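Enquirer: Residue numbers (our numbering), protein chains in the order written: chain A, 1 to 325; chain B, 1 to 300.
Simulated from the structure, these hints should not be mistaken for lab results.
What you are looking at is a predicted structure, and each value in this text was computed from that prediction instead of being measured.
Backbone N, C-alpha and C fix where the C-beta goes; we use that ideal spot for every residue, glycine too.
Just to be clear, a hint being listed does not mean it is correct.
Quick list of simulated restraints, FRET-style, between CB atoms [what the hints assert, rightly or not]:
hint: 1; chain 1: A; residue 1: ARG129; chain 2: B; residue 2: ALA216; range: 26 to 34 Å
hint: 2; chain 1: B; residue 1: ASP55; chain 2: A; residue 2: LEU65; range: 50 to 58 Å
hint: 3; chain 1: A; residue 1: GLY235; chain 2: B; residue 2: ASP161; range: 49 to 57 Å
hint: 4; chain 1: B; residue 1: GLY199; chain 2: A; residue 2: VAL21; range: 36 to 44 Å
hint: 5; chain 1: B; residue 1: LEU43; chain 2: A; residue 2: ASP218; range: 52 to 60 Å
hint: 6; chain 1: B; residue 1: LEU274; chain 2: A; residue 2: GLN217; range: 41 to 49 Å
hint: 7; chain 1: A; residue 1: PRO230; chain 2: B; residue 2: ARG188; range: 43 to 51 Å
hint: 8; chain 1: A; residue 1: GLN217; chain 2: B; residue 2: LEU132; range: 36 to 44 Å
hint: 9; chain 1: A; residue 1: GLY69; chain 2: B; residue 2: LEU184; range: 40 to 48 Å
hint: 10; chain 1: A; residue 1: ARG186; chain 2: B; residue 2: PRO244; range: 33 to 41 Å
hint: 11; chain 1: A; residue 1: ILE6; chain 2: B; residue 2: LEU132; range: 19 to 27 Å
hint: 12; chain 1: B; residue 1: ARG188; chain 2: A; residue 2: ALA10; range: 47 to 55 Å
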Amino acid sequence: MLAFVIRRLAQAFFVVVAMVVLVFFGTYVIGDPVWMMVPGDATQEQVEEVRRTFGFDQPVYMQFLTFLGDVLRGEFGRSYVHGSSAIGLILDRMPATLELALAALILAIVIGIPLGLFAGLKPDHPVSRGIMAVSILGFSLPTFWVGLMLIMLFSVMLGWLPATGRGPVISILGIETSLFSLEGWRHLFLPALNLALLKISLVIRLTRSGAREASLQDYVKFARAKGLSPRRIIGVHILKNIMIPIVTVLGLEFGSLVAFSVVTETIFAWPGMGKLLLEAIQRLDRPLIVGYVMVVVLLFVTINLIVDILYSALDPRVRLTGSQS
Amino acid sequence: MSAATSNPAPAQGEFARFAARFAEDRVAVFGLVLLLVIVAMALLAPFISPQNPYDLGKVDIMDSRQPPGTKAGDGFAMLLGSDGMGRDLFSSILYGLRISLTVGVLSGVLAATLGLVLGLVAAYAGGRIETLIMRIVDLQLSLPSVLVALILVALLGKGIDKIILALVVVQWAYYARTVRGSALVERRKEYVEAARSLGLSHARTVFRHILPNCLAPVIVIATVQTAHAISLEATLSFLGVGLPQTEPSLGVLIANGFQYMLSGKYWISFFPGLALLLTIVAINLVGDRLRDVLNPRLEK
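Build the full structure now, drawing on both the sequences and the hints.
Expert: Right, here's the structure in full:
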């Protein structure tokens with residue numbers, strides 16, 4: 001087990017190093033960042049001045065070492081647009097994004113699992129066919145367009161829910177969140193649903209195939225023979241066994257929720273770090289872009305690491321096959 | 001030379017059988033017909049659209065933001081209404097489809113080529129080369145495509161060539177992984193040994209003998225990935241970091257309509273989105289059926 005954890009840690013470290021190198025070459029070497037910073041009518045002297053101030057006159061390996069030092073200290077410079085520390089801006093916006101992603105995850109579970117169970121246990125029921133058709137649509141629909149349609153339907157036509165922004169936030173244990181007020185949820189619901197749509201389809205499919213397989217197993221027959229109520233068989237025996245793959249996949253998908261929130265946050269004007277990234281891209285605010293990429297890569301690697309280690313603790317086959325390769 | 005060219009008759013029979021199996025699923029046939037109609041409309045856009053929406057002489061600003069069915073100043077009915085600049089939306093969608101499909105197909109073809117070559121090389125060469133290629137594939141696949149594409153576009157800038165490049169980068173790994181999987185199986189078969197003992201070069205063995213036998217799963221991936229690329233391009237364009245206003249794909253059209261959405265002028269975003277949705281669903285329906293038909297394990 002320890003050997004597996006160490007090997008997995010080394011792998012995660014390799015991925016982070018690879019990403020640092022890629023980001024460095026992406027932002028520093030391809031294209032001259034100086035031209036992004038100076039105004040179009042800058043004189044040659046001004047250009048050279050900027051080049052010296054930011055250290056772009058140094059050889060590439062020196063620049064890389066400086067960059068590496070900055071990354072290790074978690075320092076990506078000051079945002080060109082906001083003037084304050086890039087990493088500070090990103091961390092400020094992070095709770096809003098994590099809250100959105102968490103709400104989407106909850107919606108995916110709350111909506112996806114019951115629908116998936118129904119479709120799996122009654123595969124020939126017309127409602128099941130409807131559920132599966134919806135889940136196929138969920139995979140095909142472009143997220144941003146669904147977001148637009150949600151706004152059109154619930155905000156413009158019906159006027160039930162607000163279309164943009166985050167509701168009032170309440171500070172709990174030092175974390176500001178809108179999860180604990182009705183108005184907060186009213187603002188959160190549409191963006192969270194939009195973000196959750198793909199994951200709902202995924203959970204429906206996973207639960208459905210899991211339930212179909214599990215319902216044919218001997219332990220279910222035995223439970224039935226014992227005279228347990230269907231409610232108990234489904235709720236305890238089947239659900240428990242299909243939860244492992246679902247939880248694993250959802251754990252891994254949390255990172256992609258954070259990444260996809262760029263789209264959702266832009267549509268619903270949700271003040272998270274995805275919206276920050278998009279603004280940074282449009283204004284070529286390089287420290288913010290680099291900071292965002294590094295934060296998200298770290299988040300991804302950490303999530304993958306935790307899920308892998310947990311999984312190997314639950315299922316010994318994972319680490320055994322790992323040591324053979 | 002493959003058997004297909006030296007002996008055409010069985011090949012035709014094979015295709016007929018393939019078509020017959022494909023046609024067993026009526027939903028898939030509907031998808032195929034829909035897809036063909038969409039492609040035909042895109043190709044014939046200059047002939048069937050009532051207006052050239054990018055000819056400034058034909059567009060009248062007085063026609064702007066009209067609801068579906070309004071008669072334009074030139075007399076034709078604007079079936080789907082008009083956008084903020086007075087362009088007929090139906091015509092804009094037809095022209096937008098051309099751009100969206102071009103970007104999707106072109107990036108798909110390039111990504112497939114790159115992925116095929118790297119996947120085959122990985123499977124055939126083995127050893128360090130394989131490890132290196134597959135590690136890059138793993139790294140690529142562990143990051144969500146939206147994020148990778150966004151960052152690439154941030155670095156490269158706007159423009160149709162840059163978008164295609166970004167889409168190729170996010171797609172090639174799927175092809176490489178798939179091709180490597182089937183090439184690993186093919187490599188151990190006797191015909192490869194036979195080709196080698198005939199003295200054929202490595203390149204010829206790989207591309208003339210192994211490659212054709214790895215194509216079935218690639219076709220399936222290609223349909224799914226093309227749909228994905230079209231959707232991703234629309235997303236990027238909607239976010240304002242994709243195609244510029246001079247290349248108005250469906251995503252750009254939807255983005256242009258977004259500002260009018262809150263005032264209830266839904267059609268400017270709705271109809272281009274519907275066209276996008278129909279295109280993606282049609283491609284996915286065809287892809288799903290291809291997967292079933294080409295999967296030897298499901299063969300009756």
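Enquirer: What hints, given by number in increasing order, does this structure fail?
Expert: 12
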